[in-house]
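*Asks:* Residue numbers (full-length UniProt numbering): 1 to 823.
Quick caveat, the hints were computed from the structure, so don't treat them as lab data. Don't take every hint at face value.
[What the hints assert, rightly or not] DEER-style ranges, computed between Cβ atoms:
1) Tyr634 - Thr340: 14 to 24 Å
2) Gly536 - Asp658: 27 to 37 Å
3) Leu66 - Leu130: 25 to 35 Å
4) Glu453 - Ser538: 20 to 30 Å
5) Asp282 - Asp603: 32 to 42 Å
6) Ala523 - Glu432: 22 to 32 Å
7) Asn515 - Tyr634: 27 to 37 Å
8) Glu240 - Thr340: 25 to 35 Å
9) Glu668 - Leu775: 47 to 57 Å
10) Thr347 - Ser538: 48 to 58 Å
11) Tyr174 - Gly390: 41 to 51 Å
12) Thr721 - Tyr89: 47 to 57 Å
13) Asp603 - Tyr634: 50 to 60 Å
[Said to hold, decoys possible] Below, in silico cross-link-like pairs of lysine-lysine (DSSO-like), each with a Cα-Cα straight-line distance of 27 Å or less:
14) Lys343 - Lys631
15) Lys665 - Lys491
16) Lys722 - Lys814
17) Lys722 - Lys813
18) Lys247 - Lys631
19) Lys431 - Lys504
20) Lys504 - Lys631
21) Lys628 - Lys517
22) Lys143 - Lys665
23) Lys434 - Lys628
24) Lys491 - Lys247
25) Lys504 - Lys517
26) Lys434 - Lys491
27) Lys631 - Lys667
28) Lys143 - Lys722
29) Lys434 - Lys504
30) Lys491 - Lys459
31) Lys631 - Lys431
32) Lys247 - Lys666
33) Lys247 - Lys343
34) Lys814 - Lys734
35) Lys431 - Lys517
36) Lys631 - Lys517
37) Lys628 - Lys504
38) Lys95 - Lys68
39) Lys431 - Lys628
40) Lys491 - Lys631
All figures in this text were calculated on a predicted structure; none of them were measured in a lab. Note that beta-carbon positions come from the ideal geometry of N, C-alpha and C, so glycine has one too.
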Amino acid sequence: MKKKIVESMAAVMLFLQQTTGKTKRHTHFCMPLEPVFTRDCGGRVHFTDEPTGALDSETSIQVMELLKKVAGNRLVVMVTHNSELARQYSTRIVKLRDGRVTDDSDPFLPEETPEGAGHKRMGKAKMSFLTSLSLSFNNLWTKKGRTILTAFAGSIGIIGIALILALAEGVNGYISDIQKSTMTSYPITISSQSVDMSGIMGARGGRRENEVSAEGNRTRVYADYSAIESSEEMASNIKENNLTAFKEYLDNPESEIHQYLGENGVVYSYGAHFGIYSYDADGNLVASDADIDQVSVSTLSSEDSAAGGGPMANMERMNQVMSGSSDAGAENFSELMPGTDGKAVSTILLDSYDLLYGSWPENYNEVVLVLNENNSIPAGTLYQLGLITGEEHKEITEQIKNGEDAEERIWDYEEICGHTFYMVLPCDQYKENKDGTFTYIGDDVMQIESLLENSVNLKITGIIRPAADAENASIPTSVAYTVALTDYVIKHTDESAVVLAQEKTPEVNVLNGINFKAADDEAKAADAMIYMSNMGISDKAAMYANILEHQETDAQEEQEHIEAMQGAPSMSPSEMAAMEGVERTEEDEIELARALDEWLENDPDQETLVSAYDIFIAGPTFEENMRKFGKVSYDAPSSISIYTDSFEDKEAVSDCIDRYNEGAKKKEQITYTDYVALLTSSITSIVDVISYVLIAFVAVSLIVSSIMIGIITHISVLERTKEIGILRAIGASKRNISQVFNAETVIVGLLAGILGVGVSALLTIPITSVIQNLLGASELSASLPITAALLLLLLSVAITVIAGWIPSRRAAKKDPVAALRTE
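I would like the entire structure built from these sequences, with the hints used as guidance.
*Replies:* Put into structure tokens, the structure is as follows:
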């Protein structure tokens, strides 16, 4: 009987499931007669058998009301013989007789029949990485304390790296600023004539090897020729640079060198020379290049103290002296570095000097007075600038020689700015004669004073002093002017009478009317006679004395030629006395001039006239004359200064110059010596060594962190052995198991990276404060770059994944059956 009841209920349930389409629902049989249905209870279907069979009507209604409430979230299947209750509470009534369905209030329609079950390939079992992350996150979340400690331990290495990077970023920024300012004072300077120091060093190195090889024999005395050899080496290594062609290369915007130029770019110097004069307190005219007593401060040392730039100014002058590129317009005067935005003065200088009074120069006739750190100017420079008299300078010198304290001399800013300088250009120091030639009058004080009436008056508009801890206080002189004055000098020289006359007759020397290149000796002799005949008394006396002195330089040579030169001039006793006198009197000059006239009238020999022409008359070439007149061309600078912002860019510029030389003709190749590189070549190596040492320390901490992560991952594998067996049993592959633990290491690594970067960012605040207080460098601050922070996060994840790779592989190789048996 029981067996039939069970079979009937199973048939009904199967029918209901098929007809309702809810084949995936679990059936819950609650029957006291059949416990097997209770074991398969799923809680979604509630089966009742005759719940009102032995109850009265009132109680039956109460039971049905309870079942109605249960039917709110469950499917209630009720077996009853009470058709009245069935019609009142049921949504579907199925009538059975002898195990067959005889009636259905909601019959199943065949067209709604679902597709029958069939075989279909579902593909291989697989697990996504997100699922792996979810499983790993749930596991880590259940062990929050250990997870946080593990992440913090793994972040220690990241914190170390982040702090080193933050400090390195701060130090690199500080060094970058120092390099940038240093490169402003130490540009690559290429002069029209330079000394190849590499060649000299190589020759001296070879000579040193020879000296070492000869050290074995010390029983004899040897001659030392090193001084002569050094002099010859210096002379042989003086190179001429074609700066005109190199300037074309620099001016070409397509040249590769432009990408390495610094803020100041390329600065051209043109060697525009001029004379500066001023009146002292006694009304005496003083030139800025006036001689100073050798016992007092020398001119060079005066400039050193006046510059106020310390080692940088000294280095600048050393560079100029060694390369022959000193382009100062006059003694104690130099040109200010122009600004890149068209301003008269570079912002680098504006930041490096404090303006004590007045304003920076803007116009061509304005200059600035440069004091040193002590607000002083050397006594020798004061004399040359006309601020003290020659007697005062002599008195100061004597007091210092006698060990006494020199009298203190003080000027107010306003008083010293009222001092005026007079500029006289070389081209203005030539006076035109009636015959069209020009005579030099620069050695005549009276003539110079007459020129001052129409000269350019330079006024001091401001007084400056190197700023505290200035890196670019590189003005090498006590007075500085702008590039506008250089432009004025060039333009005025181009329009001067002597330059225009010389350019009009390039084959004739306008200083004497003689051709620069005579056709032959006969033409030279004729030109010499005409030239000497038209000279004045003083000039004739000087010429005659020079000819006689030249003939007497070698007594043996004179004896050999004494008979051959029948027409050579001879000296009387009075003429000899005039020759030997330190200063000739007017009578001496008249007698020497008369002797020259007599010699010219007695048909002098051609050889002596040609010799006099070559030595005393022919003089300079056209180009040399133009240089005397102060003529310069914008296409032919005297020196080029190339500024960079770092040592790396400076090396790149040097490489560009080397490549320029490779493609240029031999005569157009550039030779220069980077003196700064000789002093700073080891800085990069030192920085690299320090970086390598720090990297080594960081690598040790990373290795320790990796080992720790690997051990912790291995412990996690042991703890999750049974979970591994379950995952393998439901279809997870070995790769999926490895993926689960790799996902766990990714989470731990990401958490460790976030902790490391965050803690490091907080620690940089007190570290920066400590460094600034200890070193006194307010510009130095530790900061972790965003890029470095992101890279550290990736590094942390990569390290933990690598450290957990071996444990994850061991987890994947575990036997599922053995893993399920693990307690």
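*Asks:* Now look at each hint and say whether the structure bears it out.
*Replies:* Verification of the hints:
1. Roughly 18 Å separates the CB atoms of Tyr634 and Thr340, a value that falls within the hinted 14 to 24 Å.
2. For Gly536 and Asp658, the hinted distance range of 27 to 37 Å is not satisfied, since their beta carbons lie about 57 Å from each other.
3. In this structure the hint that Leu66 and Leu130 lie 25 to 35 Å apart at CB is violated, the actual value being about 45 Å.
4. The hinted window of 20 to 30 Å between Glu453 and Ser538 holds, with their beta carbons roughly 26 Å apart.
5. Checking the proposed 32 to 42 Å range against Asp282 and Asp603 shows it is violated: the Cβ atoms sit about 55 Å from each other.
6. One distance hint, 22 to 32 Å for the beta-carbon pair Ala523 and Glu432, holds here, with the actual separation near 26 Å.
7. About 30 Å separates the C-beta atoms of Asn515 and Tyr634, a value consistent with the hinted range of 27 to 37 Å.
8. The hinted range of 25 to 35 Å is satisfied by Glu240 and Thr340, whose Cβ atoms lie roughly 30 Å apart.
9. A C-beta distance of roughly 48 Å is found between Glu668 and Leu775, which places it inside the suggested range of 47 to 57 Å.
10. Hint check: Thr347 to Ser538, Cβ distance near 55 Å, so the stated range 48 to 58 Å holds.
11. Between Tyr174 and Gly390 the CB atoms are about 49 Å apart, so this pair conforms to the stated range of 41 to 51 Å.
12. Our hint of 47 to 57 Å for Thr721 and Tyr89 holds, since their Cβ atoms are close to 54 Å apart.
13. Separation of Asp603 from Tyr634 is about 51 Å and conforms to the stated range, judged on CB atoms against 50 to 60 Å.
14. Our distance criterion of 27 Å between C-alpha atoms is met by Lys343 and Lys631, whose separation comes to about 26 Å.
15. Distance hint between Lys665 and Lys491 is unfulfilled; the C-alpha atoms sit about 32 Å from each other, more than 27 Å.
16. Taking the CA atoms of Lys722 and Lys814, the gap is about 10 Å. The hint holds against a cut of 27 Å.
17. Between the alpha carbons of Lys722 and Lys813 the distance comes to roughly 13 Å, so the proposed pair stays at or under 27 Å and holds.
18. Restraint check for Lys247 and Lys631: satisfied, since their Cα atoms lie roughly 18 Å apart, inside the 27 Å limit.
19. Between Lys431 and Lys504 the alpha-carbon distance is near 17 Å, which keeps this suggested pair within the 27 Å criterion.
20. Only pairs whose Cα atoms come within 27 Å are accepted, and Lys504 paired with Lys631 is accepted, the gap being roughly 14 Å.
21. Restraint check: the Cα-Cα separation between Lys628 and Lys517 comes to about 19 Å, which is no more than 27 Å; the hinted pair holds.
22. Using a Cα cut-off of 27 Å, the hinted pair Lys143 and Lys665 is violated, with the two alpha carbons roughly 77 Å apart.
23. Taken as a hint, the Lys434 and Lys628 pair is honoured in the structure, with Cα atoms around 21 Å apart against an allowance of 27 Å.
24. Of the pairs offered as hints, the one joining Lys491 and Lys247 holds, with about 20 Å between alpha carbons and a cut-off of 27 Å not exceeded.
25. Straight-line distance between C-alpha atoms of Lys504 and Lys517 comes to about 16 Å, which keeps the hinted pair within the 27 Å bound.
26. For the hint pairing Lys434 with Lys491, the CA-to-CA distance comes to about 26 Å; that is within 27 Å, so the pair holds.
27. Of the supplied pair hints, the one linking Lys631 and Lys667 holds, its CA atoms being roughly 23 Å apart against a limit of 27 Å.
28. As the CA atoms of Lys143 and Lys722 are separated by approximately 17 Å, the hinted pair is consistent with the 27 Å bound.
29. Taking the CA atoms of Lys434 and Lys504, the gap is about 17 Å. The hint holds against a cut of 27 Å.
30. A hinted pair counts as satisfied when its Cα atoms are at most 27 Å apart, and Lys491 with Lys459 qualifies at roughly 20 Å.
31. At most 27 Å may separate the alpha-carbon atoms for a hinted pair to count; Lys631 and Lys431 meet this at roughly 17 Å.
32. For the suggested pair Lys247 and Lys666, the alpha carbons sit about 16 Å apart, so the restraint of at most 27 Å is met.
33. Between Lys247 and Lys343, the direct Cα distance comes to roughly 22 Å. Compliance with the 27 Å bound is thereby established for this hinted pair.
34. Under the criterion of a C-alpha separation no larger than 27 Å, the hint pairing Lys814 with Lys734 is consistent with the structure, at around 9 Å.
35. Among the hinted pairs, Lys431 with Lys517 is consistent with the structure: their alpha-carbon atoms are about 24 Å apart, no more than 27 Å.
36. Under the criterion of a C-alpha separation no larger than 27 Å, the hint pairing Lys631 with Lys517 is consistent with the structure, at around 21 Å.
37. At most 27 Å may separate the alpha-carbon atoms for a hinted pair to count; Lys628 and Lys504 meet this at roughly 17 Å.
38. Between Lys95 and Lys68, the direct Cα distance comes to roughly 20 Å. Compliance with the 27 Å bound is thereby established for this hinted pair.
39. Among the hinted pairs, Lys431 with Lys628 is consistent with the structure: their alpha-carbon atoms are about 14 Å apart, no more than 27 Å.
40. The hinted pair formed by Lys491 and Lys631 meets the criterion: a straight-line CA distance of about 9 Å does not exceed 27 Å.
The structure does not agree with the numbered hints 2, 3, 5, 15, 22 stated previously, though it agrees with the rest.
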